[in-house]
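Chains as they are written, first to last, in this note's numbering: chain L, 161 to 406; chain C, 161 to 406.
Just so you know, the hints here were simulated from the structure itself, not pulled from any lab data. Please note that the accuracy of each hint is not assured.
Identical copies carry no separate label here, and so any pair may be met within one copy or between two of them.
Calculated pairs, DMTMM-like style, for lysine to aspartate or glutamate (alpha carbon to alpha carbon, straight line, at most 25 Å) [to be verified]:
(1) 162 to 281
(2) 189 to 281
(3) 162 to 387
(4) 189 to 165
(5) 162 to 188
(6) 172 to 387
(7) 304 to 338
(8) 386 to 247
(9) 172 to 323
(10) 189 to 328
(11) 304 to 350
(12) 189 to 372
(13) 386 to 348
(14) 386 to 165
(15) 189 to 357
2 protein chains.
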Amino acid sequence: MKTIENRRTIRKYSGQPVTDSLLHALLEKAGRTQTMGNLQLYSVVVTRDEAVKQRLAPAHFNQPMVTQAPVVLTVCADFNRTSRWCEERQTVPGYANFLSFVNAASDALLYTQTFCNLAEEAGLGICYLGTTVYSPETIIDVLKLPRLVMPIATLTVGFPAEEPPLSDRLPLAAYIHDESYRDYTAEDIDTYYIYKESLPENRHFVEINGKETLAQVFADIRYTRKDNEALSTTFMAALRRQGFLE
Amino acid sequence: MKTIENRRTIRKYSGQPVTDSLLHALLEKAGRTQTMGNLQLYSVVVTRDEAVKQRLAPAHFNQPMVTQAPVVLTVCADFNRTSRWCEERQTVPGYANFLSFVNAASDALLYTQTFCNLAEEAGLGICYLGTTVYSPETIIDVLKLPRLVMPIATLTVGFPAEEPPLSDRLPLAAYIHDESYRDYTAEDIDTYYIYKESLPENRHFVEINGKETLAQVFADIRYTRKDNEALSTTFMAALRRQGFLE
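The shape of chain L in the complex, shown without the other chains:
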């Protein structure tokens, strides 16, 4: 897993095909990831069809990777399959509730990340689309996801046709806590964020957005309270529609 140290998000893909045999081998290996009660509470919908990619694209703010990547994977929290199993085996499933969504979403995300680690090690490039949780209803409709199935992560996958610079990370001290959480002083914040804020690309980002600080770009433009509140309502509505809030 040496690749983790040099991983980049890849948004441009070469013409080299991602064969089903490679893709399936990786999806199967990722299945070794631990899950709740070993129930594997996830499903993966594989999109290769151009028309389906076109229909998924708006859910991902029409980011070009969705239509340009050879493969799009939508990983779903799935309590439908386990519930169908229960129904076929003389018992009544009890998974139409929020905690079961949390459990299935956890399984789905852990599985997703093992897949990413494996795929990057195999030379593939990945872009993880956080937009999945912004427009779940469109994805549910396009992929025909039934009750108790909720899209949770989307990956665009292909062989890289770019090598973007390595992105920055906070120092380890910024996110580990010994024995109990010690809250951040103003001085801690300076120490942990000064490097990120000093990077030329981030200073440029602040400038072109007409802001004074990098945090303002995030809080005032990219991830605003207004959007987050509206999207919280949308997400809850989708959870309800998929039967996870009964």
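With chain L's structure known, arrange chain C on it following the hints.
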């Protein structure tokens, strides 16, 4: 990452110490995992102190790994640090909402799984404790987690002192769908679950629980509707207490 193919959940640990230098190197490498806006919306609380382990144990149903493992890691969805950054940089954070919890929990789980893959590759054994989402309030109190920090995954970590048998997995066909989700017929369920149901350990499990089917052990005993509904309420209350439902 060849280790993924032979990974087992490890619940018994040898006396070999897990040094801070090894642990920190792995926690830092895992930080290469992609996150929302590269904000790294997670924190990790490291527990080595015996007294703290004793206080965490009830939250994990007193499973012996919690007190016996050299290290316990609690990975948290964390919008506190980013919000503190915003406050120190002349802007008002807007993350006291459900979608922000989903985003931070996603970052935390993806980070957790890269850590697991790296740790297993380094020869460590891990047990992922799903109990974290059952008793969040105890964990919040013991680890002194502030507003906008929610425990999401717990790992017990140490060098293995056991080699349990490899656990079964569903065949790949059970969880991949081409282009759109095709729901499961009774025949599909038979095909995908027959192997799991036929295993001697699972037949034994059905027998000692006085049940007729393996699915009944899950739905009637291990993960019941009644428990799931009660735990959904508990989890929502903890989310509210931590400020994610404002």
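Going through the hints against the structure:
With identical chains, the CA atoms of residue 162 and residue 281 are at most 25 Å apart both within one copy (8 Å) and between copies (10 Å). Taking the shortest Cα distances, residue 189 and residue 281 sit within 25 Å of each other both inside one copy (12 Å) and across copies (15 Å). Taking the closest pair of Cα atoms, residue 162 and residue 387 never come within 25 Å of each other, the shortest separation being 38 Å inside a single copy and 42 Å across copies. In this assembly of identical chains, residue 189 and residue 165 lie within 25 Å of each other by CA distance both inside one copy and across copies; the values are 21 Å within and 6 Å between.
When the C-alpha separation of residue 162 and residue 188 is checked against a cutoff of 25 Å, the pair qualifies both within a copy, at 21 Å, and between copies, at 13 Å. With identical chains, the CA atoms of residue 172 and residue 387 are never at most 25 Å apart, being 28 Å at best within one copy and 46 Å at best between copies. Taking CA atoms no more than 25 Å apart as the test, residue 304 paired with residue 338 passes between copies only; the shortest distance there is 11 Å, against 46 Å inside one copy. In this homomeric assembly, residue 386 and residue 247 come within 25 Å of each other (Cα to Cα) only across copies, at 17 Å, whereas the closest approach inside a single copy is 42 Å.
For the identical chains of this complex, residue 172 and residue 323 are intra-copy neighbours only, at 9 Å inside a copy versus 42 Å across copies, given an alpha-carbon limit of 25 Å. Only between protomers do residue 189 and residue 328 lie at most 25 Å apart by alpha-carbon distance; the minimum there is 12 Å, versus 30 Å within a single protomer. Within a single copy, residue 304 and residue 350 get their C-alpha atoms only as close as 47 Å, which misses the 25 Å cut-off; across copies the closest is 23 Å, which meets it. Taking the shortest Cα distances, residue 189 and residue 372 never come within 25 Å of each other, neither inside one copy (46 Å) nor across copies (31 Å).
Taking the shortest alpha-carbon separations for residue 386 and residue 348, neither the intra-copy value of 28 Å nor the inter-copy value of 44 Å comes in at or below 25 Å. For the homomeric pair residue 386 and residue 165, neither the shortest alpha-carbon distance inside one copy (36 Å) nor that between copies (44 Å) is at most 25 Å. Proximity of residue 189 and residue 357 under a CA criterion of 25 Å is satisfied inter-copy only: 21 Å between copies versus 39 Å inside one chain copy.
Hint violations for this structure: numbers 3, 6, 12, 13, 14, all remaining hints satisfied.
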